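As you go down the protein sequences, you meet chains A and Y in turn. So for the first sequence, my numbering puts the first residue at 937; every next one is plus one. So for the second sequence, my numbering puts the first residue at 937; every next one is plus one.
Read the hints as simulated data drawn from the structure, not as lab findings. There's no promise every hint is true.
List of simulated lysine-lysine pairs, DSS-like, C-alpha gap at most 27 Å [unchecked claim]:
hint, chain 1, residue 1, chain 2, residue 2
1, Y, 982, Y, 1006
2, A, 949, Y, 949
3, Y, 998, A, 1006
4, A, 1006, Y, 1006
5, Y, 982, A, 998
6, Y, 982, A, 1006
7, Y, 987, Y, 1002
8, Y, 949, A, 1002
9, A, 949, Y, 1006
10, A, 998, Y, 987
11, A, 982, Y, 1006
12, A, 1002, Y, 987
13, Y, 1002, A, 987
14, A, 998, Y, 962
15, A, 1006, Y, 956
16, Y, 982, A, 962
17, A, 1002, Y, 962
18, Y, 962, A, 956
19, Y, 1002, A, 949
20, A, 1002, Y, 982
21, Y, 998, A, 987
22, Y, 962, A, 949
23, Y, 1006, A, 956
24, A, 962, Y, 962
25, A, 956, Y, 1002
26, Y, 956, A, 956
27, Y, 1006, A, 962
28, Y, 982, A, 949
29, A, 956, A, 1006
Sample of chain Y residues at the chain A side, in silico, Cβ under 8 Å [as the list claims (entries may be wrong)]:
hint, residue
30, 963
31, 964
32, 967
33, 981
34, 998
35, 1001
36, 1004
Non-contacting residues of chain A with respect to chain Y, defined by C-beta distances greater than 12 Å in every case (computed) [unchecked claim]:
hint, residue
37, 942
38, 943
39, 948
40, 949
All values reported here derive from a predicted model rather than from experimental measurement. No residue lacks a Cβ here, since even glycine has one placed at the ideal position from N, Cα and C.
There are 2 protein chains.
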Amino acid sequence: IPLSRTVRCFCIKIDDRPIKHRAIGKLEIIPASQSCPRVEIIATMKRTEEKRCLNPESEAIKSLVKSVSKKRSKRA
Amino acid sequence: IPLSRTVRCFCIKIDDRPIKHRAIGKLEIIPASQSCPRVEIIATMKRTEEKRCLNPESEAIKSLVKSVSKKRSKRA
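Isolated chain A (complex conformation):
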């Protein structure tokens, strides 16, 4: 029996609910690696500290990452 690589992804399930820029306290991006074959994007909510796994392939999430990376937070 060959040794198998253990897959250790943080996200079990993608949360597809809409997410507000202003509610995000932190965004973590974990690139694909040998321990997890897909990129993971995890948002930590500001108020509740709840963690949500976002869909890296969604256009809305791509814009979110872009907007969160900008100098000032948007009010929209």
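On the provided structure of chain A, position chain Y as indicated by the hints.
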């Protein structure tokens, strides 16, 4: 004496050394907030787990965030 808001930023100093996509284990984006008035982008290096504060206004870092968020890691 009025109560002053405590500024708590993670980054003290921006690390301007070039950074390789493939060497990054995690990228954290912390939006501007009441505790820190600027957006912070922190890379955790894969091998050493060293944390580096990146410049959110640099074009190279903007492309890095974009490329790290993509499904598969780039070999370049």
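A quick look at each hint next to the structure:
no., hint, verdict
1, 982/Y / 1006/Y, "holds, 17 Å"
2, 949/A / 949/Y, "violated, 36 Å"
3, 998/Y / 1006/A, "holds, 9 Å"
4, 1006/A / 1006/Y, "holds, 18 Å"
5, 982/Y / 998/A, "holds, 23 Å"
6, 982/Y / 1006/A, "holds, 25 Å"
7, 987/Y / 1002/Y, "holds, 19 Å"
8, 949/Y / 1002/A, "holds, 22 Å"
9, 949/A / 1006/Y, "holds, 18 Å"
10, 998/A / 987/Y, "holds, 24 Å"
11, 982/A / 1006/Y, "holds, 25 Å"
12, 1002/A / 987/Y, "holds, 21 Å"
13, 1002/Y / 987/A, "holds, 21 Å"
14, 998/A / 962/Y, "holds, 17 Å"
15, 1006/A / 956/Y, "holds, 21 Å"
16, 982/Y / 962/A, "holds, 20 Å"
17, 1002/A / 962/Y, "holds, 17 Å"
18, 962/Y / 956/A, "holds, 22 Å"
19, 1002/Y / 949/A, "holds, 22 Å"
20, 1002/A / 982/Y, "holds, 23 Å"
21, 998/Y / 987/A, "holds, 24 Å"
22, 962/Y / 949/A, "holds, 19 Å"
23, 1006/Y / 956/A, "holds, 21 Å"
24, 962/A / 962/Y, "holds, 13 Å"
25, 956/A / 1002/Y, "holds, 19 Å"
26, 956/Y / 956/A, "violated, 30 Å"
27, 1006/Y / 962/A, "holds, 19 Å"
28, 982/Y / 949/A, "holds, 24 Å"
29, 956/A / 1006/A, "holds, 15 Å"
30, 963, "holds, 4 Å"
31, 964, "holds, 5 Å"
32, 967, "holds, 5 Å"
33, 981, "violated, 12 Å"
34, 998, "holds, 7 Å"
35, 1001, "holds, 5 Å"
36, 1004, "holds, 5 Å"
37, 942, "holds, 17 Å"
38, 943, "holds, 16 Å"
39, 948, "holds, 18 Å"
40, 949, "holds, 17 Å"
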